[in-house]
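Build the full structure now, drawing on both the sequences and the hints.
Numbering of the sequence shown is given in our numbering, commencing with residue 31 and proceeding in unit increments.
FYI, nobody ran anything at the bench for these hints, they're computed from the structure.
Among these hints, one or two may not hold up.
What the hints assert, rightly or not - Pairs of lysine-lysine residues, derived as BS3-like cross-links and limited to a Cα-Cα distance of at most 27 Å, are as follows:
# : residue 1 : residue 2
1 : K81       : K71
2 : K138      : K305
3 : K295      : K311
4 : K338      : K320
5 : K377      : K141
6 : K283      : K295
7 : K114      : K38
8 : K114      : K377
9 : K273      : K221
Claimed, not checked - Using C-beta positions, here's what the derived DEER-type ranges look like:
#  : residue 1 : residue 2 : range
10 : N70       : A230      : 23 to 31 Å
11 : F83       : I255      : 50 to 58 Å
12 : H369      : D63       : 33 to 41 Å
13 : D366      : E263      : 36 to 44 Å
14 : P371      : K65       : 36 to 44 Å
15 : D242      : N365      : 24 to 32 Å
16 : W68       : K114      : 42 to 50 Å
17 : H369      : N235      : 43 to 51 Å
18 : K65       : A237      : 50 to 58 Å
19 : D63       : K117      : 43 to 51 Å
20 : E263      : N235      : 52 to 60 Å
Here a beta-carbon is modelled for each residue, glycine too, at the ideal position from N, C-alpha and C.
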Amino acid sequence: MDVIELFKKLLSFKSITPNDDGSLDFIREYLKDFKAIWINKEDVKNLFLYKKFGDGEHLCFGGHVDVVPPGVGWESDPFVPIEKDGKIYARGAQDMKSGVAAFVQAVKETKKFNGTLSLLLTSDEEGEAKYGTLLALKKLKELELIPDFAIVAEPTCEEVFGDAIKIGRRGSINGVIEVIGKQGHAAYPEKAVNPIHAVAKILPNIAGTNLDDGDDFFAPSKFVITDIRAGMEVTNVTPGKLKMMFNVRNSTKTTLKDVEEFMYKNFDKTNYTLKLSQSAKPFMTDPDSKIVKLLDSSIQKICSIKPKYSTAGGTSDARFFGEFGVKTVEFGVVNDTIHAPNERCGKEEVIKLYEVFKEILRCF
31 MDVIELFKKL LSFKSITPND DGSLDFIREY LKDFKAIWIN KEDVKNLFLY KKFGDGEHLC
91 FGGHVDVVPP GVGWESDPFV PIEKDGKIYA RGAQDMKSGV AAFVQAVKET KKFNGTLSLL
151 LTSDEEGEAK YGTLLALKKL KELELIPDFA IVAEPTCEEV FGDAIKIGRR GSINGVIEVI
211 GKQGHAAYPE KAVNPIHAVA KILPNIAGTN LDDGDDFFAP SKFVITDIRA GMEVTNVTPG
271 KLKMMFNVRN STKTTLKDVE EFMYKNFDKT NYTLKLSQSA KPFMTDPDSK IVKLLDSSIQ
331 KICSIKPKYS TAGGTSDARF FGEFGVKTVE FGVVNDTIHA PNERCGKEEV IKLYEVFKEI
391 LRCF
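Put into structure tokens, the structure is as follows:
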């Protein structure tokens, strides 16, 4: 089986989160000379495969086999891959069975490696990720199997294959603030405390505000208001409460505490309650680290293109590797149809991704 045959096989599994549909059992059998550790909880399956070739450092490939539901608008069966005009169409083609196929095939063909080589695969990346990669890494820490380096094969390229790698990710801070007023008749505003009027004066100071200046790799952490609501949808009642929801995609320069202080500074003259949570923490791998340089040189050799270093986009399981101190990078195919109807991936992209991973393993 070559990498394209493997890719099509993986696409044929109807692995909608958190059901792996047998794909992890297939991969485990495909790499049967690797030791296997299953870390499963509730409906989520996690598979860690590893092989110690020597006494050197530990490199892990990370990824997920689960996909989002296909939705409507497909021109073909989303779980029967078809090849047309050099592209392969199926749910998960870009996100991220292309990456999984590329590193599984590259690892299978590896005969020599100076260290430990492993794969960490989950069936819960597109969902809550509560019992996915994070749970698996906690178990690996107990077993003293945390890798030194990780490559997560999410789709990272923007226009052409090889043009971008991710060396970090922003975190995500979510907030809900409720400003308490006093309900009353709109005809007697002096007898009420209108929370809408109070917040209207504050909005110019917070909406779209940058909480830091960013740096060479991170955009500024921006305060983004996602929802505001108050009242009972009538014109003659002053509301007694206003609820506002917001999100901050934060760089390493802004913390949860910083957001809390920002809110206090702007709302201290009001009666409010605030709930903050961090669904993802930011991380960044030193651009001069071994894994970044190795990935960069391998891309240049295979693709004849110099990749840019990015931290853009949403969250991925790379953030969990970062939490455990693993030097982590992300690299995969072009990202332009993920989660969309008729998701597809260039056949040559998958082959080149496999070749990049083979080059990394050869040089590591």
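Here is how each hint holds up against the structure:
1. In summary, the hint linking K81 to K71 is supported, as the alpha carbons are separated by about 24 Å, within the 27 Å threshold.
2. Restraint check: the Cα-Cα separation between K138 and K305 comes to about 47 Å, which exceeds 27 Å; the hinted pair is violated.
3. Pair hint K295 plus K311 holds up; C-alpha atoms about 23 Å apart against a cutoff of 27 Å.
4. Our distance criterion of 27 Å between C-alpha atoms is met by K338 and K320, whose separation comes to about 16 Å.
5. Distance check on the hinted pair: K377 and K141 sit about 25 Å apart at the alpha-carbon level, within 27 Å; holds.
6. With a C-alpha separation of about 18 Å, the suggested pairing of K283 with K295 holds against the 27 Å cut-off.
7. Proximity of K114 to K38 is assessed by CA-CA distance (about 13 Å); at most 27 Å being required, the pair is judged to hold.
8. Note on K114 and K377: the hinted pairing holds, with a Cα-Cα distance of about 10 Å set against a maximum of 27 Å.
9. Our distance criterion of 27 Å between C-alpha atoms is met by K273 and K221, whose separation comes to about 21 Å.
10. Look at N70 against A230: about 51 Å separates their beta carbons, and that is not inside 23 to 31 Å.
11. Checking the proposed 50 to 58 Å range against F83 and I255 shows it holds: the Cβ atoms sit about 52 Å from each other.
12. Hint check: H369 to D63, Cβ distance near 35 Å, so the stated range 33 to 41 Å holds.
13. Between D366 and E263 the beta carbons are some 40 Å apart, a value that agrees with the proposed interval 36 to 44 Å.
14. Hint check: P371 to K65, Cβ distance near 40 Å, so the stated range 36 to 44 Å holds.
15. At about 26 Å, the CB distance of D242 to N365 agrees with the hint of 24 to 32 Å.
16. A C-beta distance of roughly 37 Å is found between W68 and K114, which places it outside the suggested range of 42 to 50 Å.
17. Under the hint 43 to 51 Å, the C-beta atoms of H369 and N235, about 35 Å apart, miss the expected range.
18. For K65 and A237, the Cβ-Cβ distance of about 53 Å falls inside the hinted range of 50 to 58 Å, so the restraint holds.
19. Distance hint for D63 and K117: a CB-CB separation of about 33 Å, inconsistent with the stated range 43 to 51 Å.
20. One distance hint, 52 to 60 Å for the beta-carbon pair E263 and N235, is violated here, with the actual separation near 28 Å.
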